[in-house]
Amino acid sequence: MTTTVEAPAGAAPVAKTGAGRRWTQHGLLFVAPFLVVYVAFLVWPLLLGLRMSLTSVNIAGSNAGFVGLANYAEAFGDPRMWRSLWNTVLSTVPLVVLGLVFALLVHNLRFMRWLWRLSFFAPFLLPSAVVSLLWLQMIYQPGFGLLNGTFGTDILWLGDPDLAMWSVVMTTVWWTVGFNFLLYLAALQSIPEHLYEAAAIDGASAWDKLRSITLPMLRRTTGLVVVLQLLASLKVFDQIYLMTGGGPENSTRPIIEYAYDIGFTGYRVGYASAVSYILFILIVAVSLVQLRLFRKREESLR
Amino acid sequence: MDDTPPTPFPTSISSRITRRSLLGGALALGLLGSGCSLPVDLGSSRTRIRYWHFLGASDGVIMNGMVGAFAKENPGLFVEENVLQWGEPYYTKVAMAGAGGRSPDLATFHLARLPGIGPGLILDPINLDLLAENGLRAEDFSPPIWERAHVDGVLYAVPFDAHPMVQYYNTDVCGRAGLLGGDGKLLPTKGADQLLESLREVKDVLGGKPPLVFDALGLGTVGPWRVWWSLYPQSGGTLLSDDGTTITIDDAKALEALSFMRTLGAEGLCDPTTDYGASVAAFQNGDAAFLWNGDWEITTFKQAKTPFNMVRFPSVFGGASAQADCHVFVLPHQRDRDPRIERETYRFIAYLVKNSADWAVAGHVPAYLPALEEPEYLALSPQSEYRSVITDVALDPQVWFTGSASRLWIEFGEAFSPVIAGTRTPEQGLALAKAALRGLMEAPNPFPEEPR
Chain A
1 MTTTVEAPAG AAPVAKTGAG RRWTQHGLLF VAPFLVVYVA FLVWPLLLGL
51 RMSLTSVNIA GSNAGFVGLA NYAEAFGDPR MWRSLWNTVL STVPLVVLGL
101 VFALLVHNLR FMRWLWRLSF FAPFLLPSAV VSLLWLQMIY QPGFGLLNGT
151 FGTDILWLGD PDLAMWSVVM TTVWWTVGFN FLLYLAALQS IPEHLYEAAA
201 IDGASAWDKL RSITLPMLRR TTGLVVVLQL LASLKVFDQI YLMTGGGPEN
251 STRPIIEYAY DIGFTGYRVG YASAVSYILF ILIVAVSLVQ LRLFRKREES
301 LR
Chain B
1 MDDTPPTPFP TSISSRITRR SLLGGALALG LLGSGCSLPV DLGSSRTRIR
51 YWHFLGASDG VIMNGMVGAF AKENPGLFVE ENVLQWGEPY YTKVAMAGAG
101 GRSPDLATFH LARLPGIGPG LILDPINLDL LAENGLRAED FSPPIWERAH
151 VDGVLYAVPF DAHPMVQYYN TDVCGRAGLL GGDGKLLPTK GADQLLESLR
201 EVKDVLGGKP PLVFDALGLG TVGPWRVWWS LYPQSGGTLL SDDGTTITID
251 DAKALEALSF MRTLGAEGLC DPTTDYGASV AAFQNGDAAF LWNGDWEITT
301 FKQAKTPFNM VRFPSVFGGA SAQADCHVFV LPHQRDRDPR IERETYRFIA
351 YLVKNSADWA VAGHVPAYLP ALEEPEYLAL SPQSEYRSVI TDVALDPQVW
401 FTGSASRLWI EFGEAFSPVI AGTRTPEQGL ALAKAALRGL MEAPNPFPEE
451 PR
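Chains A and B, in that order, give the protein sequences.
For what it's worth, my numbering labels the leading residue of the first sequence as 1, then goes sequentially.
For what it's worth, my numbering labels the leading residue of the second sequence as 1, then goes sequentially.
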């Protein structure tokens, strides 16, 4: 964490230390490779995408008439976009809450801690394709999958539009909760023991300690976890693409797949650019919240 | 296998990954990456034809054999065959290659996909003179298919085959149920009642197991659409007006077909929880007596030694139509087409088309009419049993959002799948399908007609 915190903070002084403001050609030469790559692969596509989002251009590059904000208007009025956006943030809540719960459990366990830590974190190390196939073919399989096989049920875990998203969330939790779990675990370990001792002397119950010491001390971590999780959820694609392809009836389609479907299989690149831009702005907004969070921390540390 | 998700495993697990199949995709990528076809040696005088197709399973083996046979006859030519993942990924790749103008020399395609790909932009027109030079004339092809290969009077595709929905039946089980005639072939049924009656008889023979299977559910499944689009047009129903601007669904007829599909599920005459792979496996193992599917699974059952035969899709609502699409050859757009390669490409197309009887081994009905008369083709059993369907194919409406693996197929499949399972009424299913259709019609065509 500390590294992420220091990066923006550390960057500012460096810019200022060119005390005499001697802006030499050598300096430019040094940053040139980076600048070229940055402009060619980030700034330029960004501008190009913005321009495309204002046209009706198709995948062949034709039909590139200027349509103004029509694509944006269409996107905001499209229930499928809202649905896909909702799909992406839906998994944030259980991921954060369960990450905390598991961390609290493991933190309070006194035996074989390494095993618990490993078992919660291990799935996070698996590639998305492995996770998706594992759940798709072995656990959710309607005929002979682990779930239906064990409980003797006949549930279409990924085939029922009302259930599919929850099934996907369940997999996501199993797969990625380990990361949040680890952040919480680290934060839990940094809470000074003497606070609990003092509370114990005052006769506080376990619940009191949790409510008045643990959770407040974890507030900052929670903020971080929520923001990181939101960003990760907004950017989810591969796992859902592999498990459900966004179906049934778009019930699991994340926003990136929505943009992909419009642009690459629907050939409407202009509209897809507009949707991508909406996603981009959302991500920037969430990132700004994250920056603010860290700035507050920096200030409070001073 | 081309019109379906590839099934790397014989069981149902495979088709859960269907439309955007992992394994197939990985395989195709791997093939591409490693350069599955040997590059032409430097300094070689051989002309290279780059050929893309999506024929990955049993019909892919046959296509590969035909390419090999052509290469043997033409030592000066080298056909670089690239097998890509079927479905949306394939069309995405062709679209992007054509848009860039550095595409392969030849690609296979689905006829119904033609209006949606921007002919003239992504695809180059077919040169009739070069076609004639190689002995292919318009009158050699099935007329409705030949006509559909035109967009605004310009030919953009050379028809290769039609692959209709057909009915596979297990000869053992049907024999025990007394459904076979003296010649050992399935006695035809007429109308819904007769079909249901014979299904009930087979159900008894199978000890109460569902006698009929088709891919009723699954990731991006199009089975419910295929069945509905076979049944509904039989009563004269249409989807869209000829110009594609208004919905012309006849609710009563559409619901009649949907209710029939519901009956199949409700009475346990079909298994509503089979996906593509499971349906094929059930038929292969003799667990089901009937399979409704495209004609391309022939080789699967022949290899598995399933006692089976095939007939046209049953006539339920009067007509005899069956959902179908056609494989065609297209020329993805190239900015600078090499005339020498172009000439050889037409020679290659003509070779494949004229040898359609070989291709029919894969189950498909040749679109090249002379092939239908060849004794070689007529000797193919059961392929030649359903060749008459070529005149009754229910092709998709000619609009930009139809065709194999199109959004229309997938959205209708999703709307109708729960109807078969009984979790949605036919009325709800139809309402959802119409809403999806309206949504597709409201979305602007990415390739509006414009001069090049």
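Just so you know, these hints were derived from the structure itself, not from any lab.
Any given hint could be a false lead.
[Stated by the list, open to error] Listed next, the stretches of chain A that the computed footprint assigns to chain B, with coverage defined by at least 3 CB atoms under 8 angstroms from CB atoms of chain B:
1) 56 to 70
2) 241 to 251
3) 256 to 267
Note that beta-carbon positions come from the ideal geometry of N, C-alpha and C, so glycine has one too.
We went through each hint and held it up to the structure:
As drawn, the stretch 56 to 70 of chain A meets chain B at 7 residues by the rule of a beta-carbon pair under 8 angstroms; at three or more, the given contact holds. Under a criterion of three residues with beta carbons nearer than 8 angstroms to beta carbons of chain B, the stated coverage of the stretch 241 to 251 of chain A is upheld, 7 such residues being counted. Here the stretch 256 to 267 of chain A counts 4 residues with a CB under 8 angstroms from a CB of chain B, which clears the bar of 3, and the coverage holds.
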